[in-house]
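If you're matching them up, the sequences are chains C and E in order. Take our numbering: the last position of the first sequence gets the number 256, and nothing is skipped along the way. Take our numbering: the last position of the second sequence gets the number 488, and nothing is skipped along the way.
These aren't lab readings, by the way, just hints derived from the structure by calculation. Quick caveat, the model's predicted, so the values are computed rather than measured. Glycine residues also receive a C-beta, built at the ideal position from the N, C-alpha and C atoms. Please note: incorrect hints may appear among the correct ones.
[As the list claims (entries may be wrong)] Straight-line alpha carbon distances no greater than 25 Å define the calculated PhoX-like cross-link-like pairs of lysine-lysine that follow:
| hint | chain 1 | residue 1 | chain 2 | residue 2 |
| --- | --- | --- | --- | --- |
| 1 | C | Lys154 | E | Lys203 |
| 2 | E | Lys100 | C | Lys103 |
| 3 | E | Lys262 | C | Lys154 |
| 4 | E | Lys109 | E | Lys144 |
| 5 | E | Lys95 | E | Lys8 |
| 6 | C | Lys181 | E | Lys28 |
| 7 | E | Lys28 | E | Lys9 |
| 8 | E | Lys485 | E | Lys430 |
| 9 | E | Lys262 | C | Lys181 |
| 10 | E | Lys174 | E | Lys163 |
| 11 | C | Lys141 | C | Lys131 |
| 12 | C | Lys154 | E | Lys23 |
| 13 | C | Lys131 | E | Lys214 |
[Claimed, not checked] Partial list, derived from the structure: chain E residues whose beta carbon lies under 10 Å from chain C:
| hint | residue |
| --- | --- |
| 14 | Ala6 |
| 15 | Arg13 |
| 16 | Asp26 |
| 17 | Ala176 |
| 18 | Glu180 |
| 19 | Lys361 |
| 20 | Asp363 |
[To be verified] Partial list, computed: chain E residues near chain C (C-beta under 7 Å):
| hint | residue |
| --- | --- |
| 21 | Tyr7 |
| 22 | Ala17 |
| 23 | Ala20 |
| 24 | Gly462 |
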Amino acid sequence: MQGIIFNALEEFVLENADMEVWNSVIEDSKVASGGAYTSGVSYDDAEVVALATNLCEKLGVALNDGLKMFGEFLFGFLLSKGPIEVGNYQTTQMLLAELESVIHRNVKRIHPDAYTPFFEYTPQSENSGELIYRSKRKLCVVAEGLIQGAAKHYGQTVAFDHFHCTHNGDENCQWVLIFSGPN
Amino acid sequence: MSDAYKKAYERERLARFAAEKILDEKTREVQSSIEMIQYQFNDLMQQKKESDYLLSVASLTKKADDFSLVVEGFLLASIEYLGVSMGRYSILKNRSLKVSDVYGYGKGVGHLNSENYKSIYGLRRKNIIAINELKNSDLEAKLQDIGVDRIVFIPISCFGKVTTVCEIFLPKDAFIKEEILEQCEVSSYQISNILEGNENKKKLEKSYIEIKSSHEKIKYAQSQLVQSEKMASLGQLSAGIAHEINNPIGFVVSNIGTLKEYMGAISNYIMLSNKLVSASESDISNKMRAIDEEENFSFIIDDINEIISDCDSGLFRIKEIVANLKSFSRLDEEEKLLFNINECIENIIKVVWNELKYKVDLKRNFSYEIPMIRGHEGQIGQVIMNMLVNASHAIETQGEVFVETRQEDNLVKIIITDTGSGISDEHKSKIFDPFFTTKAVDEGTGLGLSVSYGIIESHGGEIKVRSKVGEGTCFEISLPAEKHDN
């Protein structure tokens, strides 16, 4: 997992709790990096799993709920602090259409060793489409959070129909997304 | 609270160190990439320079016709390729050396001395020589002035012999890699090929022209030979025939003469008889009158006279023919004398004028400075007569005949042109053949032109004919002029 995600997690914790909570999550997780995360560096996925799990426990939040909230937060963080210019998109659909071909491609140019999740969006109409997600990390909940964050950013609402899921043994996660707006 | 942030601060420091380390690594990677790109770029530029040079040299084949342009082009391309600015060339042709001005400088740089040129034209490969090795202090001083300390000599050979040398001046700080000089040398071989190819092309063109000319001459000589052979064999035949016919003709002429005399006497006697018979009533007279009525002696006598006259004409014609045939075989007897062609032609015109005057408007253009001809004036006159008579026969009602004489180098030319019916291409090749004629059976013997041809040939001359059907004919006779010793 890229260092920037860990930086985002720290910011998320500082926004929703405080530094002491973050310090204790780090201590409890006993992560090899000692909690010092640099943006362009890759760290063991296990570290983020440990931190997220401990954090949700500490805050008394269900893991999936916490992940979804983090996902929403993560969109804004990546938009402002991420290394990739996200460009002139006006809707979530436009962003999703170029997520793989533009955004993740540019990420790989700077960090050739980075593992990026696979996304494929097929529009069915102006306001709806099918999204496929595939990743070794199976963080479809975080993905939903990110999409939610995007929709909010573009002034839209989005409804999810998660009809395939890797957690249920399917090959990919698949949603039908229905957008309304922007207003 | 400050403890919490102390811990946070420590993590941040560690994260920052890690970030700086990555930054340094990336910077080194970028620097390395830049150096590699620079190196590859330089390599590419060198390759481009090389291919531009090769292209310039190759394109010199277009200028192959001009030796100097090719060498100049090679010199300039090589100067640019070596990245310097001055050079010149010299060309050795027909034992004389031509040296160009210094390109990139102009006049004022002295030549190498003859010792230098001797050794340079003995080079087979490119060579760099420092100016002090030339042992030519004036030149050395001048070259030093303009910042030159070495000269690259590139010899160019043509068919194994060095005919051109390019001198490229190198300034003090110029460092030229060996591969680049090798490339110049290789290109100089290409220039050699261009020069050699050009020479070969010129030789080939010259050969072709010579061969073509020889071919024309042979063709002409062949046609002359064929004609001569015809004439020679016919000459022999004619001599034989003339000889054989002469005797019988002699008998017949003599017999006809005798017959004429006898007829004179017989017709006299019959005339007197008739008078006697008409004045008598005797039996014999009656029988004689009856025979006369049946046979009509007056008619018979007239007819016999006519027959004898016809035989006379016929014999006369046969004698003419035999005389002409004899001319074939007797062309080189009699002594050749000097005569003036204009006078000869004037005499003939007088002789044939009666035949010409009704149809022909005769125009003369005689050259009065015409040299004499050595030959048989009678025979040449016969030729002229033949031509004039033919010309008038070719004119149907009215026309023009031009007679011109002039000198051309060592020949006397006689040109007879008419505005008659002309000769078709089909007949042109046959007109000098004996017995060839386009006239009716009793109008000509067909021997005139063939005899004329033989006469002119025996005088060492030529007859040529030009003609166009419907426009006219032109005969051009050439005869050797008598040389003057004064």
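Hint by hint, here is what the structure shows:
Only pairs whose Cα atoms come within 25 Å are accepted, and lysine 154(C) paired with lysine 203(E) is rejected, the gap being roughly 77 Å. Among the hinted pairs, lysine 100(E) with lysine 103(C) is inconsistent with the structure: their alpha-carbon atoms are about 93 Å apart, more than 25 Å. At most 25 Å may separate the alpha-carbon atoms for a hinted pair to count; lysine 262(E) and lysine 154(C) exceed this at roughly 153 Å. Taken as a hint, the lysine 109(E) and lysine 144(E) pair is honoured in the structure, with Cα atoms around 12 Å apart against an allowance of 25 Å.
Between lysine 95(E) and lysine 8(E) the CA atoms are separated by roughly 95 Å; this puts the pair beyond 25 Å, and the hint is violated. Straight-line distance between C-alpha atoms of lysine 181(C) and lysine 28(E) comes to about 15 Å, which keeps the hinted pair within the 25 Å bound. A threshold of 25 Å between alpha carbons decides the hint, and for lysine 28(E) with lysine 9(E) the separation of about 29 Å lies outside it, so the pair is violated. Between lysine 485(E) and lysine 430(E), the direct Cα distance comes to roughly 33 Å. Violation of the 25 Å bound is thereby established for this hinted pair.
Distance restraint check for lysine 262(E) and lysine 181(C): the Cα-Cα separation of roughly 141 Å exceeds the 25 Å cut-off, and the hinted pair is therefore not satisfied. Taken as a hint, the lysine 174(E) and lysine 163(E) pair is broken in the structure, with Cα atoms around 32 Å apart against an allowance of 25 Å. Under the criterion of a C-alpha separation no larger than 25 Å, the hint pairing lysine 141(C) with lysine 131(C) is consistent with the structure, at around 17 Å. Taking the CA atoms of lysine 154(C) and lysine 23(E), the gap is near 21 Å; set against the 25 Å cutoff, the hint holds.
Distance check on the hinted pair: lysine 131(C) and lysine 214(E) sit about 114 Å apart at the alpha-carbon level, beyond 25 Å; violated. With a least beta-carbon distance of about 4 Å to chain C, the hint placing alanine 6(E) at the interface is held under the 10 Å criterion. For arginine 13(E), the interface hint holds, since its Cβ comes within 10 Å of a Cβ in chain C; the closest pair sits about 4 Å apart. Taking 10 Å as the C-beta contact cut-off toward chain C, the hint placing aspartate 26(E) at the interface is violated, the least distance being around 13 Å.
The restraint placing alanine 176(E) at the interface with chain C is violated, with a minimum CB-CB distance near 44 Å, outside the 10 Å limit. At its closest, the beta carbon of glutamate 180(E) sits 42 Å from a beta carbon of chain C; the interface hint therefore is violated under the 10 Å criterion. Residue-level restraint check for lysine 361(E) is violated (minimum Cβ-Cβ distance to chain C is 107 Å; threshold 10 Å). The beta carbon of aspartate 363(E) is not positioned within 10 Å of any beta carbon in chain C (closest approach about 104 Å), and the interface hint is therefore violated.
With a cut of 7 Å, the hint placing tyrosine 7(E) at the interface with chain C holds, because the nearest CB-to-CB distance is about 6 Å. Hint status for alanine 17(E): holds, given a least beta-carbon distance of 4 Å to chain C, under 7 Å. Hint status for alanine 20(E) relative to chain C: holds, with the closest Cβ pair at about 4 Å, below 7 Å. The beta carbon of glycine 462(E) is not positioned within 7 Å of any beta carbon in chain C (closest approach about 101 Å), and the interface hint is therefore violated.
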